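Asker: Sequence:
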Amino acid sequence: MGRSNRGLTLIELLIVLAVIGILSTIGLLLYGNFTDQARTARAVADIANLSSEILTFEATNERLPNNLAEIGRATLQDPWGLPYEYLNFALGPLGQQRKDLALVPINTDFDLYSKGKDGASQPPLTASTSRDDIVRANDGQYIGLASGY
Numbered sequence: 065m066g067r068s069n070r071g072l073t074l075i076e077l078l079i080v081l082a083v084i085g086i087l088s089t090i091g092l093l094l095y096g097n098f099t100d101q102a103r104t105a106r107a108v109a110d111i112a113n114l115s116s117e118i119l120t121f122e123a124t125n126e127r128l129p130n131n132l133a134e135i136g137r138a139t140l141q142d143p144w145g146l147p148y149e150y151l152n153f154a155l156g157p158l159g160q161q162r163k164d165l166a167l168v169p170i171n172t173d174f175d176l177y178s179k180g181k182d183g184a185s186q187p188p189l190t191a192s193t194s195r196d197d198i199v200r201a202n203d204g205q206y207i208g209l210a211s212g213y
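Going letter by letter, the sequence shown gives residues 65 to 213 in my numbering.
Keep in mind that the hints were calculated from the coordinates and are not lab data.
Check the hints yourself; a few may be wrong.
Claimed, not checked - The following label-pair restraints were derived from C-beta to C-beta distances:
| id | residue 1 | residue 2 | range |
| --- | --- | --- | --- |
| 1 | Asp-182 | Val-80 | 15 to 25 Å |
| 2 | Glu-126 | Ala-184 | 28 to 38 Å |
| 3 | Gln-186 | Ala-102 | 23 to 33 Å |
| 4 | Glu-126 | Leu-158 | 47 to 57 Å |
Please read all numbers here as calculations on a predicted model, not as lab measurements.
Glycine is no exception: its CB is placed at the ideal position from the N, C-alpha and C atoms.
Work the whole structure out from these sequences, hints included.
Answerer: Shown next as C-alpha cells:
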C-alpha cells in the first residue's frame, strides 16, 4: 500500500509565501495611489470652495480679503495637514505670484493653492517642488495639480 502525502513541501510553501508577498505589495501600491487621488480631490474641492468664499467677500466688501482669516478660514488645513496658501496681489510681493512655463503669472487677482504631498513649493509651476501642488489658475478656470496645468 502506498502512503498518501498530505503535507506541503518546502518548495510549495515558499511559492505560496512569494505569491502572498507579491499580492500584498500590489495592494499597498494601489492603496497608496488611491489615497493620493482622494487627497488631491479633497484639496481641489477645498480650493474651489475657498475661491468662491473669497469672491463672495470681494463682491460684498469691494476688495479681496487680506488673508484667509478674514473669511473665517485661517485654520483650514489641506489633506496633508498644512495651511492653504493665499496671496492677494494687491498686498503681496508680485515676485511670489505662481507662474507657468513661460514664467507668466497664472492668475490676475489672487493665488490660492496647497503645497501638495511634499509640503514644498516655489512660484514657478515647473519647479520640481511645485509639480505636486494643487493650484487655482486662469482666475479659477482651472483647479488641479500643477503638473496638469
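Asker: It remains to establish, for every hint, whether it holds in the given structure.
Answerer: Tested hints:
no. : hint                          : verdict
1   : Asp-182 / Val-80: 15 to 25 Å  : 38 Å, violated
2   : Glu-126 / Ala-184: 28 to 38 Å : 35 Å, holds
3   : Gln-186 / Ala-102: 23 to 33 Å : 26 Å, holds
4   : Glu-126 / Leu-158: 47 to 57 Å : 22 Å, violated
Comparing the model with each earlier hint shows violations of hints 1 and 4; every other hint is respected.
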